[in-house]
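Student: Spelled out, the chains give:
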Amino acid sequence: DQQVKQNSPSLSVQEGRISILNCDYTNSMFDYFLWYKKYPAEGPTFLISISSIKDKNEDGRFTVFLNKSAKHLSLHIVPSQPGDSAVYFCAAPRGGSQGNLIFGKGTKLSVKP
Amino acid sequence: DTGVSQNPRHKITKRGQNVTFRCDPISEHNRLYWYRQTLGQGPEFLTYFQNEAQLEKSRLLSDRFSAERPKGSFSTLEIQRTEQGDSAMYLCASSSKTGLSYEQYFGPGTRLTVT
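Line order of the protein sequences matches chains A and B. Mapped onto our numbering, the consecutive letters of the first sequence carry residue numbers 1 to 113. Mapped onto our numbering, the consecutive letters of the second sequence carry residue numbers 1001 to 1115.
Looking at chain A on its own, in the form it has when it is part of the complex (with noise of 0.2 Å):
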């Protein structure tokens, strides 16, 4: 089962305008979000993060909100650049003190000039 959701493949926005990317998770135990980004023949690079005592965490463009009761967290970049373009993925530790994360599926954002 997939316990965290990015049901949208594929986001095009225009630069300089705000880019939402969307993610839902099913595990109501998850206590912590991450966000990467991912450019192609490159591993994932750590964007920002959100813990659940938490609904919005910012930092410069980039700010996450976490709605809690609706399981759904989502990314604003604000305003988009050309160099946003790349494959976002939404992730939560699995719990434990491992900490290995799940990943969505990934949103590649486009982002036009």
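If you are wondering where the hints come from, they were derived from the structure by calculation, not from laboratory data. Take the hints with a grain of salt, since some may be wrong.
[Unchecked claim] Listed below are the simulated DMTMM-like cross-link pairs for lysine to aspartate or glutamate, each with C-alpha atoms no more than 20 Å apart in a straight line:
| id | chain 1 | residue 1 | chain 2 | residue 2 |
| --- | --- | --- | --- | --- |
| 1 | A | K71 | A | D24 |
| 2 | A | K54 | B | E1103 |
| 3 | A | K105 | A | E42 |
| 4 | B | K1011 | B | E1083 |
| 5 | B | K1071 | B | D1024 |
| 6 | A | K68 | A | D24 |
| 7 | A | K5 | A | D24 |
| 8 | A | K56 | B | E1103 |
| 9 | A | K108 | B | E1044 |
| 10 | A | K5 | A | D31 |
| 11 | A | K112 | A | E15 |
| 12 | A | K112 | A | D84 |
| 13 | A | K105 | B | E1044 |
| 14 | A | K68 | A | D31 |
| 15 | B | K1057 | B | D1086 |
| 16 | A | K68 | A | D55 |
| 17 | A | K105 | B | D1086 |
| 18 | A | K5 | B | E1044 |
| 19 | A | K105 | A | D84 |
| 20 | A | K105 | B | E1103 |
| 21 | A | K108 | A | D84 |
| 22 | B | K1011 | A | E42 |
| 23 | A | K71 | A | D84 |
| 24 | A | K54 | A | D24 |
Let chain A serve as the given structure and place chain B on it in line with the hints.
Tutor: Chain B alone, transformed into the frame defined by chain A:
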């Protein structure tokens, strides 16, 4: 801090051959993870080390797969008798045991093609 490195970056092998990949984590990180990523999927967890101890293995890790982390530094992932279904990107990640941080730092991956 040079980041996580993986070697080789690409490996093409014939079905039935054995292959071995190496991962060098960030030096002060005591946790090391192996993931596998196939086209259109996110990375899937394979196994995890804390220092030299292998603490967990996914059911994805069949008995043809073995991983080691001698002396708690670099790690190797070996696949014996490779099958075409093993073709994937193999990613290594490391992290340090600090508080509530679950951040893992990934290497560039090793792309395996089994022909």
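Student: For each hint, tell me whether it holds in the structure or not.
Tutor: Now for the hints, and whether the structure bears them out:
1. K71(A) - D24(A): holds, 6 Å
2. K54(A) - E1103(B): holds, 17 Å
3. K105(A) - E42(A): Status holds; Cα separation ~16 Å.
4. K1011(B) - E1083(B): Holds, at about 14 Å.
5. K1071(B) - D1024(B): holds, 12 Å
6. K68(A) - D24(A): holds, 10 Å
7. K5(A) - D24(A): This hinted pair holds, its Cα atoms lying about 5 Å apart.
8. K56(A) - E1103(B): holds, 18 Å
9. K108(A) - E1044(B): This hinted pair holds, its Cα atoms lying about 18 Å apart.
10. K5(A) - D31(A): This hinted pair holds, its Cα atoms lying about 16 Å apart.
11. K112(A) - E15(A): With Cα atoms ~5 Å apart, K112(A) and E15(A) stay inside 20 Å; holds.
12. K112(A) - D84(A): holds, 10 Å
13. K105(A) - E1044(B): holds, 10 Å
14. K68(A) - D31(A): The given pair, whose Cα atoms are some 9 Å apart, holds under the 20 Å limit.
15. K1057(B) - D1086(B): holds, 17 Å
16. K68(A) - D55(A): holds, 8 Å
17. K105(A) - D1086(B): holds, 19 Å
18. K5(A) - E1044(B): holds, 14 Å
19. K105(A) - D84(A): Given that 20 Å is the threshold and the Cα spacing comes to 18 Å, the pair holds.
20. K105(A) - E1103(B): holds, 18 Å
21. K108(A) - D84(A): Cα-Cα ~10 Å, so holds.
22. K1011(B) - E42(A): Within the cut-off at roughly 15 Å; holds.
23. K71(A) - D84(A): violated, 26 Å
24. K54(A) - D24(A): Roughly 17 Å separates the two Cα atoms, so the pair holds.
Checked against the numbered hints above, the structure violates only hint 23.
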